[in-house]
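Student: Residue-level listing of the chains:
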Amino acid sequence: MPEKAGDLIQGTLDMLILKTLALESMHGYGIAVRIEQMSKGVFRVNAGSLFVALQRLQRSGLIRSEWKASENNRRAKYYVLTEQGRKRFNSETREWERQVAAIARILEA
Amino acid sequence: MAVLRTIAAGLRSLFRRKTVIREMDQELGMFLDMAAQEKMQKGLSHDDALREVRLERGSLEIAREAVGSAGWESVLETFRQDIRFGFRTLRQHPGFAAVVVTTLALGIGANTAIFSLINALMLRTLPVRNPGTLVELFHQYPGEPAFNGFSLDSYKIIRDGNHVLSDLLVDSPDFFEVRGETLETQKVIGGYLSGNFFESLGLRPAIGRFIGAEADDLGHPSPVAVVSWSYWKSKYNLDPTILGKQIVVNDTPVTIIGVTEQGFAGLLSQEMSQDILLPLSMEPVVHHSSLGWGSMWLVGRLKPGISIDQARAEMAVLFDSAIQAPDVGPYVRQMKFKMELAANGISTPLRQMLRTPLLALMVIVGLVLLIACANMAGLLLARGASRRHEMAMRACLGAGRLRLVRQVLTESLMLSLFGTLLGVLIAYFGVRGILRVITSGRQVVGLPVHIDAFTHPDTHVLSFTCVIAVATALLFGAVPAVSLSSLLAPGLQQIARIGESKSWRRFSKSLVVVQVALSTVLLSATALFVGYVSNLRNLDLGFRRDNLLLVSLDSSHSGYDSQRWSGLSQQLLAQLESLPGVRSATLSETTPMSGTGASSMALVKGHPENRREVSISFVAPNYFRTYGTPLMAGRDFSSSDQGEHLVAIINQTMARDYFGASNPIGSYVTLDHITLREDDTPTYEIVGIVGDAKYNDLRQPTPRTIYLSAYQEGRIVSQVTLRTDIDPEAMISAVRQTVASVMKTVPIGRVQMMTDQIDASIVPERLVAILSTWFGALGALLTAVGLYSLLAYTVARMTNEIGVRMALGAKPSDMLWMVLTDALWMVCLGMLIGIPLTFASKRLATALIDGLPVQSPIPIVVGIAAMIVIALCASYLPARRASHVDPMVSLRYE
Chain H
30 MPEKAGDLIQ
40 GTLDMLILKT
50 LALESMHGYG
60 IAVRIEQMSK
70 GVFRVNAGSL
80 FVALQRLQRS
90 GLIRSEWKAS
100 ENNRRAKYYV
110 LTEQGRKRFN
120 SETREWERQV
130 AAIARILEA
Chain F
1319 MAVLRTIAAG
1329 LRSLFRRKTV
1339 IREMDQELGM
1349 FLDMAAQEKM
1359 QKGLSHDDAL
1369 REVRLERGSL
1379 EIAREAVGSA
1389 GWESVLETFR
1399 QDIRFGFRTL
1409 RQHPGFAAVV
1419 VTTLALGIGA
1429 NTAIFSLINA
1439 LMLRTLPVRN
1449 PGTLVELFHQ
1459 YPGEPAFNGF
1469 SLDSYKIIRD
1479 GNHVLSDLLV
1489 DSPDFFEVRG
1499 ETLETQKVIG
1509 GYLSGNFFES
1519 LGLRPAIGRF
1529 IGAEADDLGH
1539 PSPVAVVSWS
1549 YWKSKYNLDP
1559 TILGKQIVVN
1569 DTPVTIIGVT
1579 EQGFAGLLSQ
1589 EMSQDILLPL
1599 SMEPVVHHSS
1609 LGWGSMWLVG
1619 RLKPGISIDQ
1629 ARAEMAVLFD
1639 SAIQAPDVGP
1649 YVRQMKFKME
1659 LAANGISTPL
1669 RQMLRTPLLA
1679 LMVIVGLVLL
1689 IACANMAGLL
1699 LARGASRRHE
1709 MAMRACLGAG
1719 RLRLVRQVLT
1729 ESLMLSLFGT
1739 LLGVLIAYFG
1749 VRGILRVITS
1759 GRQVVGLPVH
1769 IDAFTHPDTH
1779 VLSFTCVIAV
1789 ATALLFGAVP
1799 AVSLSSLLAP
1809 GLQQIARIGE
1819 SKSWRRFSKS
1829 LVVVQVALST
1839 VLLSATALFV
1849 GYVSNLRNLD
1859 LGFRRDNLLL
1869 VSLDSSHSGY
1879 DSQRWSGLSQ
1889 QLLAQLESLP
1899 GVRSATLSET
1909 TPMSGTGASS
1919 MALVKGHPEN
1929 RREVSISFVA
1939 PNYFRTYGTP
1949 LMAGRDFSSS
1959 DQGEHLVAII
1969 NQTMARDYFG
1979 ASNPIGSYVT
1989 LDHITLREDD
1999 TPTYEIVGIV
2009 GDAKYNDLRQ
2019 PTPRTIYLSA
2029 YQEGRIVSQV
2039 TLRTDIDPEA
2049 MISAVRQTVA
2059 SVMKTVPIGR
2069 VQMMTDQIDA
2079 SIVPERLVAI
2089 LSTWFGALGA
2099 LLTAVGLYSL
2109 LAYTVARMTN
2119 EIGVRMALGA
2129 KPSDMLWMVL
2139 TDALWMVCLG
2149 MLIGIPLTFA
2159 SKRLATALID
2169 GLPVQSPIPI
2179 VVGIAAMIVI
2189 ALCASYLPAR
2199 RASHVDPMVS
2209 LRYE
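Those sequence lines, one after another, are chains H and F. Add 29 to a position in the first sequence, counting from 1, and you land on the number used in this note's numbering. Add 1318 to a position in the second sequence, counting from 1, and you land on the number used in this note's numbering.
None of these hints come from the bench; they were simulated from the model. Errors might be hidden in some of the hints.
[As the list claims (entries may be wrong)] Within a straight-line C-alpha distance of at most 30 angstroms, the following computed DSSO-like cross-link-like pairs (lysine-lysine) qualify:
{"id": "1", "chain 1": "F", "residue 1": "1505", "chain 2": "H", "residue 2": "69"}
{"id": "2", "chain 1": "H", "residue 1": "97", "chain 2": "F", "residue 2": "1553"}
{"id": "3", "chain 1": "F", "residue 1": "1360", "chain 2": "H", "residue 2": "69"}
{"id": "4", "chain 1": "F", "residue 1": "1360", "chain 2": "H", "residue 2": "106"}
{"id": "5", "chain 1": "H", "residue 1": "106", "chain 2": "F", "residue 2": "1336"}
[Stated by the list, open to error] Partial pick of chain F residues on the chain H-facing surface, computed with a CB cut under 8 angstroms:
{"id": "6", "residue": "1327"}
{"id": "7", "residue": "1343"}
{"id": "8", "residue": "1353"}
{"id": "9", "residue": "1354"}
{"id": "10", "residue": "1370"}
{"id": "11", "residue": "2125"}
[Stated by the list, open to error] Covered stretches of chain F, as calculated for chain H (at least 3 residues, CB under 8 angstroms):
{"id": "12", "region": "1344-1350"}
{"id": "13", "region": "1384-1394"}
The C-beta atom is built at its ideal place from N, Cα and C for all residues, glycine as well.
Please take these sequences and the hints and turn them into a complete structure.
Tutor: Take a look at the structure:
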């Protein structure tokens, strides 16, 4: 359990990034903001953890990056989900739901 | 795929470092901008917005560090940083670096040199198919070294009768005198091969073809030759037209039909290449050999699944039946069969002679390296203490313990690397020096002709050196690294005290104790070996070794028959004796300690039961007077013996063994195996008895020796010995002129002092003595440096305390003693450990070298005394400095 509200448990961040990128390709700051919005401000993403996670995902081939003009017309590095990343996201989502359901059953029992 | 991508990405950030960093900066900059922009839209000022972003998102510098150190390549990156930093630190302390690198270079160089010799002589395997199944066959006369060299008949019996060998090969080495169209006359090592040789070894010709089954047809010698690749390269520059060329080998023309593949040159072991290989059928033609005992060197290949013990058992039975044949002499009948694995090549005297000395030396250089490591550890530790402020600072700035330890280890590794590079250079020249000792003096069959093969580093040597280097770095680097663990509580206050801590002092002292212990062992071993060699050198040989000049005449192409030779040689001796400075001159077939000799079975008339082996020496008149061997009874040979009945002179040992108390003079002796005479067992009248003199090996007791008159036997004896009144060296040119004027067609071979010839006969012992002296001195020097630097450091740290003590009334001599006692304690403790170690290593030394005088307590006493003297010298300077401390100065010291 995270000790402080807003911290992310290891591994979860990867999945949240994949989820964000599954919707559309995005630059680093956009990903951070999107995760906060989607979690309604529960998760706050630290820049260090974010970029380390991005490098890790990129090296394992789940996402790739390209330089593009941003919404306010500046060059920014955009991250794109690869086919492999999409598959991984789907399988991880299923696994996650299975686990959450199992834990929920235990807690409700 | 993912692995490849990770590697590729890592490599990119290693090699396109600037680009990667720039992209990262851009990306992070964008991140910061966007976040700040959003804040500013909510009405914050630019600066406030930036601060808020930092608070919320963490520092971007840290983010960059985190990303940079997340990939695998960051390990290499830190390594690079460590190395750069290490370089800087070492450059700041060039003296320290020089001491460490030199010490290591000497230690590693010594180890590499000895190991490369061991490698060349004992480890390298032959470049042939399945070298592990090759065996070498020997026979051994009781009490003599084992020899390869069988007779044609025994070869056939062994070849056809055994069930344990898949092949029996012949590779009989021989010296050839080779000349040709484009070649100067030159001595070359070569050999005679059986027809199955190349096929069984799985060799292919580089060009041309190999000798085949025709080699075994002794009735039809085929005049062909295969040369080695290195010979092809050095003499023909790899010219393919070598095929079909004629060369003349010992006056017999042969045609070159093929060249061996690169790297292979006979089975003799790799440092001695056989460059000219002839078919076995040529041995009777080229060598005028009847293929009797001693002429055929045999190598077998074990059948699959047969162990060497099984094979040995069966072959021994075959050998016993072979030597029972009616025409075999009694000497051969007493021989025993031996068989050894031959994966490294077949034995040469060099290999047998150097095996144990090299192992002993390997132990010695290992000890030197250990001392060097302890020494380095001490130095690094002292330096670590003086670097504690730097370390503390870095720890406070956030360097983890692992990072600091890694930095220290990297520095040790770098020092070790430099030491190794220099060490390899030292080893290269060291091996040459050692080879010069080995090859000094007399000609030994089996001496390396291609010295390069020794010094040429192969993968064995290189990997050995690398392992040594890394192990050394870890060994001496681990100590200061571990001592860093006390930096774990990184308060500057505590760290500042590490240098004075009790455990630190105790540890430094124990390092010195270890060095003293190992040095004591080394010094004792040195004293032991040196004492042994000086004993050998001063041994009573039965002749006077000083002022003897040996001149070897090469009679092989003189064209003189024995009649003419004997006349000319008597004339030569007379002329030589008339030279001023020459007291007497003589001739003999061999000279003492020359490495050659002859022996036979002797029988005294009337005592058929008393049949023993005696050494034979063919000498001219005046031999005993020249050598200073006393004539005990009877007379010397004289020129008037020529044409009379055969006479002989025996030594005291032979007289005692055959005749006991009775007088041998006038008795008759018969000898077996004097091959040059028609009647196989000639009879000699004993006309004189001389004092015992060593024959061929000064370590062995004097053998029974019979001296025969060279002129009576019609032998062409060509070894001149002169006894001079002045330095023999000054006589050499006069002797050369005299020889040239009397014998115009006879060139002079080797000219040597007797003392040098004796030295050459104890090469292994001298090698160990010379090198252990060097290494012992090196070890002692290192220990002295270790002791000195620890004491000097301690005194420097204690300046304050000493000042206070002296201010309170302590006398300078008290301070002197305080430091000396400290040193003596360490030395005594070291000896307490070292002396039992010395006793243990003496047992090792006796196992390696026969006849070592280990019972004597003198070496240990010498070792201990030397150690104490060295320790006192090393501690005197720091002690003096302690006694000269000025209280006023020292109180201002800190």
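Student: Looking at the structure, which of the earlier hints fail to hold?
Tutor: 1, 2, 7, 9, 10, 11
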